[in-house]
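Participant: Residue-level listing of the chains:
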Amino acid sequence: MTDSRSGQPATYLRVDHLTKTFGTFTALKDISLEVMAGEFVCFLGPSGCGKTTLLRIIAGLETQTEGSIEQAGRDISFLPPSQRDFGIVFQSYALFPNLTVEQNIAYGLQTIERDKARIRSRVGELLELVGLPDQGPKYPAQLSGGQQQRIALARALAISPGLLLLDEPLSALDAKVRGHLRHEVKQLQRRLDVTTIMVTHDQEEALSMADRVVVMNHGVIEQTGTPIDIYREPASLFVADFVGSMNKIDVTVASETAVSFGKAELKCRPQRLARGTEAVLALRPEDVIPADAGAAGLENAFEVTVRDMEFLGAYWRAWLTSEAFAGTELDAHFSINAVRRLDIAAGRAMTIQLPPERLHVFSADGRRG
Amino acid sequence: MCFRRTAAVADAAIPAARRRPPLFMAIDRDRLLQLAFMLAISLYLVATLALPLYAMLSKSVTTYRFNPKAFEVQVNPGDGWQAPQRISGLEAALPPDKRPELDTSTDGRLAVVDYIPGYSFRGKELYRFRNAAPGAVHLAGTLRITDQDWHEYSANDFRRVVMRPEASHGLQNYTTYFSTPALVNSIGNSITVASISTVFTVLIAFGFAYALAMTCMPFKGLFKLVMMIPILVPSLLPGIALIYMFGKQGFLTPLLMGETIYGPIGIVIGSVFFSLPHAFIIITTALSLSDARLHEASIALKASPLRRFLTVTLPGARYGLISAAFVTFTLVITDFGLPKVIGGQFNVLAVDIYKQVIGQQNFEMGAVVSVVLLIPAVIAFTVDRIITRRQQSALSARSVPFAPRQNPLADRAALIYCLAVTVFVAGVLLVCQFAAAVKLWPYDLSFSFKNYDFSRTDGGGWEAYTNSIRMAVYVAIFGTGVVFIGAYIVEKLQGMKAGRSALHMLAIMPLAVPGLVLGLSYIFFFNDPANPLNFLYGTMAILVISSITHFYTVSHLTAVTALKQLDPEFESVSASLKQPAWRLFSRVTVPVCMPPLLDISIYLFVNAMTTVSAVVFLYSPTTKLASVAVLNMDDAGDVASAAAMGMMIFYTNVIARGLHALATRGLLKRTQGWRVR
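Protein sequences appear in the order of chains A and G.
Its first residue numbered 1, the first sequence is counted upward by one per residue in this note's numbering.
Its first residue numbered 1001, the second sequence is counted upward by one per residue in this note's numbering.
Calculated from the structure, these hints are not laboratory results.
Quick caveat, the model's predicted, so the values are computed rather than measured.
Don't take each hint at face value.
Stated by the list, open to error - In silico contact screen, one side only, chain G against chain A (beta carbon under 7 Å); selected entries:
id: 1; residue: Asp1103
id: 2; residue: Thr1104
id: 3; residue: Leu1563
id: 4; residue: Glu1569
id: 5; residue: Ala1575
id: 6; residue: Leu1577
id: 7; residue: Lys1578
id: 8; residue: Trp1582
id: 9; residue: Val1588
id: 10; residue: Gly1673
id: 11; residue: Trp1674
Where is the CB? At the ideal position from N, CA and C, for every residue including glycine.
So that you can see chain G by itself, here it is in the shape it has in the complex:
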């Protein structure tokens, strides 16, 4: 004891000798493994989200222009070579209306012979051509020439010599965009349509959620199921149904009183259909937080039902309503399938991107429109994040759940209202199914399987359908794995705080990125021959990857919420018992989180089945998908087959959800011994 005391005194005398952590801490295998996973998932998100978006942004500020000063031509009419001439010199000699347009895009090619007066490919002249400036490039047939030497051609070969444009960076594309009224109008169109749809959707969804939460009407379970239908179908399907109902030969067209369904009216009605469930879920959650004690206090203070609604119900649900509004707005403004089908001449941003890229091959302008579309999406996303956080703090307070009392009048009104909404939702499906099952609507209503023979039309046939199922299964399996490991790292890893919050931020970002924008950015990133990941382009893998990334955020948040409910000390206890981290992960973490894991996988499956936007730029002839087939068959005028394929997607999702429900029920039954009731 005495000896120890002196040692302590000696220590104190030289404070410089105090121990600091060594640079390399004793790292055990666990830690190494966890760090490796953290790095892997971060890299995954960087490569499938951050870098593609960066590629798209840089594309949007890249302009391509031919530079006539960078090339020289020399002609030999048969009596010796004339003096070399710059193309720019020849251009000046052309009459202004004959001068070729110099602004172009990535793949622009300009034939040299356009500048040669009196050129004929049967001519006897010989031509020499060279790049006159470093960096200039021209093609002779398929041969790419980058040197500055003279190359000689016969007149016949010379017509295949084309100049390539130079890339430069600047806001030129944006200037062009904002000075093209046809394009700029879409901004207003998109915002108008999204705003109107949002108002209708939130009102209808609130009524529905209110009826379910606050009245004693019958059939509540059935109505909840009905409300889930729109999630199970591609967003194009309501468009197709609307064509049958209100189109040129629609059976309800007179109701429009001369207005056309092809345009804002159709987009709004269809948007309400597909965004209803999303708004409904958010508002239902908000209403379920409603504290019964507040209602009782209000009744005790003799407030009228209206006053109670205005002072208790509405304020309680306000965050839910705002959040639902922003989510709906984002869904509608970023949706592409529906306006593509029913938008007619009414241009919106999402369809503009598609038209620029697929129709005009103008990738730079596609990128510009994408950036424009990103802005409202990012704003809505940010506001929604802030509101959700507020709501969560309101949620932590303990409240007594509200139990509605019977009120015959209100219950009957609620029932009628919900039936009306059900007719609308179920009507869309019935019309599609009916149209798909008859020979030729509206002329020959006899039953036929003809529309299910997908090989007749342009869509990829039944192979597209099996491709879709394969892809959805891959997305569900790999997506759930990646998302859960990522969430585990964010939530449960000790230390590495900066890395974990960076990963969390990356995981939240995909929600702000519209699918079409993500898909386009993948073209720029993965189709670049210089990218080592280029081999993925055109494969099933890139479809799976893009879908996982597109639907990453909701899955990630679900997994994080599930992991938060586990005791934070499990990891500490396991380490103190000298067990490797993977054992805790496989024996405790995964089994306990099984129900949310199943939820994530069904969410990913259903969305992968229905998505069009993220994959429409990425599929290849061998990886056609059912949802894209719906789009293409509709485009080709084969609306009945499109409806048939859409309904196949619906039935597949219904079966998948049924299996999910069975699996969940079985699991809960088997594990109810330890689940806290």
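Isolated chain A (complex conformation):
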């Protein structure tokens, strides 16, 4: 589905100035966003950020206090769920326990298809689609969690909804199954080209599955962007901290391209904060680059001491201190190779480099500087 005039994908779902209050508590504050046809969008945020409320309003399970929603050009703001066009999958699967897998999947088909043989073949198709062709006659309680979630997905897809809503669908599963199913759901979504919104608090899930991530906090959207954008260019200190991990250091702005803390002055990307203001410097642990001792001409190079190290399998985590940093400790992730090559060990001294283009400076209230 593309817009014939511009050649860009058409907007499928439009949320416009949406606000939801529960008594005096504001769950969603003036939310606007667009979802393109065929897009996979993740609402990511900590619990209580309003992401589930937003999903439930889109489904019609809650009613917004203000604002409107448009789906495929139709105003659905005040339609009950049964008159909207979506399929939904919940964390708890919500499979009907007294119906077989087949009956569960066929549950929504009865009203659109009278012919029993065609219902049966459609159910078979869907079971094939989710990779469980032989489980039809079983009851949900006889299946594993991962299998149950696939059945829930098949049931939601049975009526060929225009919009697929996934409410933390993988959270109840154990880690291995979760990783596997993540990939499968994503592939299925691409194959069917169904517009999908998933709610999750798991950043890894959001980054690996979504075309676009909507990071939410306290009822507002902090940032919308591709997974790489969100990770590389966090729009706020909250996003920087919530997605991946960050070293956060209180600094003072020294110039347009430098900040200082302790005895150190760090070059960074140009920013607009006034000289002398308090700011926060954010730096990912993997962006602390181990350098050869005595290498000359490096920007932001520091002599540090490794206070302690922790082996995490794929990489090492190290805590670094330096005279220049005063009391601040840096959290760094070093690859196995680097540790071996540079002979890094607890108690030893080493040189690190902090690449200026990877240093994010935020104002004290968490906005980008």
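Using the hints provided, position chain G relative to the given structure of chain A.
Facilitator: Quick look at chain G alone, frame taken from chain A:
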């Protein structure tokens, strides 16, 4: 894309145009249906609980008094009409000891001729009579006269002219109540008897529950069954058994050493009998929450068994014990059948209500006593609700169930204790059955069916028995339906939060209302000719309705608990698949909740069979009931037939429970494929 951006900017520029929900949301048929049911069930509870109770409260503050100033009489001795005279004027002329009592009740009637000196119905005088004030009413025979015109009567007719009292509102009835020692004494009596019974019941039930949960004695299943017996019989039955055992001709009477069973002793023993199972169930639940890890920790820390009991077992069961105490107290203080049978001269509140209403036809005073009885019941109910909530929060923590280890000494002691309780419970039944099956206890012990010929005595005969079964079946069927739909609305409806919690509150209330109070309030509400529901009065329907309402709360809570276990998202999924709500209800909700639905229906059936209190004011000559027959036959002195009928109720309930067990087992077998094990 570009175009959309500009549109968004334009929107933002005029925030006043932001969308708010329209007044009338798009309501689909589902929603309409659900709202209709919500309204229907709320109305049902309002009409069968809230309004009757209100009618009773207002009755209790209504007083009736004749007003002699409101009537005028004129006499014609044969030589022309004399001047009209106010009745109040005539009253003043009477000697004080001849003046009629002016305080009366709803149905009070005062003959005018009581005020006429020298009146004789053979006299030749003519009389005229009129209402001298607006609102005054008098009757001439059956004719009700409300106008203020003069009406003429012969001396013979005039004796049928009676004045009706005026109603006024105030606390007069309460003042009268609290200044009548015979009535006020009952408060103390009721509280004393209920407190003593509570202490004994909780102690005995705790011992029994402890023996079952914490020891390895044999026959546990049998003991559990024995403990369920008292639920299956009317509360009058232990009273009848006690009469046979300790009454004037009882075979155990010497054990009382001169004390009489008719009074507090009998009430306490009988109350312990019928409240044991209720306390036992609550305490067993509390003990089953007991965490094995705490016991293991206590053993590892080398605590003595006594210390372990005091520091682990008792604290773990404390909410259960308190809750059991309040439930028992409420049961005993509101029970009417037992003290009626065995109370003798010892007055308690529940029997006072019955005496005021049935014996003295003083409905206002009955209402006052009802309000007095409501107070302890409501307090106990409230405390129990708070405690249950606490216990539930303790329950949510995961615990490892305690598995007792063998201990020959403790196991044997537990067995002896449980056998003793069993002898007491089974003894009551055996005595009743024996008395019912012999010709004339204790004189002629030959076997006879004579006591089963219920037509001989005042009780309604076998028809009362079939009426009871019919009523219990109706209560079970309609009650389960109403309760389950009500619980579904409370638990599963989206939105309408205020309405749902209001409905929940209404559903919880019946537990606080003693059956006798409910029954009396039904008289006030449904027997009022101005009430459009008046046609229900005296029918089977009102018996069914009163029983459903009386036993509503426990059924409602059972249904809510069952519904809570269903995934809250079923409704959302079903709506997203564009299926009507009734399909989900009939295909998933009801089938999954079938076992608790069966539990509710058997609970309603058994209680409808045994209840006396809620229906004793409401039955009519065509709708006599077995449980009421037990009461009336005992009242008429035919104790053996009362025992026989009581045992019929017991056997019927045993069969019903057996059928219920079979149905449940069959159901679980058929559905075990999908039930999560």
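Participant: Against each hint, give a clear statement of whether it holds in the structure.
Facilitator: Tested hints:
For Asp1103/G, the suggested interface contact is broken, since its CB lies about 54 Å from the closest CB of chain A, more than 7 Å. Because the closest C-beta pair between Thr1104/G and chain A is about 54 Å apart, greater than 7 Å, the hint is violated. For the restraint placing Leu1563/G at the interface with chain A, the shortest Cβ-Cβ distance is roughly 14 Å, beyond the 7 Å limit, so the hint is violated. Satisfaction of the interface hint for Glu1569/G is found here, the shortest Cβ-Cβ separation to chain A being roughly 4 Å, below the 7 Å cut-off.
Annotation: Ala1575/G was flagged as interfacial toward chain A, and the flag holds, the nearest CB pair being 4 Å apart, inside 7 Å. The beta carbon of Leu1577/G comes within 3 Å of a beta carbon in chain A, closer than 7 Å, and the hint placing it at the interface holds. Look at Lys1578/G: its Cβ gets to within about 5 Å of chain A, closer than 7 Å, so that hint holds up. Nearest Cβ of chain A to the Cβ of Trp1582/G: about 12 Å, over the 7 Å cut. The hint is violated.
Residue-level restraint check for Val1588/G holds (minimum Cβ-Cβ distance to chain A is 5 Å; threshold 7 Å). Look at Gly1673/G: its Cβ gets to within about 5 Å of chain A, closer than 7 Å, so that hint holds up. Interface restraint check for Trp1674/G: the shortest CB-CB distance to chain A comes to about 4 Å, inside 7 Å, so the restraint holds.
Hint compliance for this structure: hints 1, 2, 3, 8 are not met, and every other hint is.
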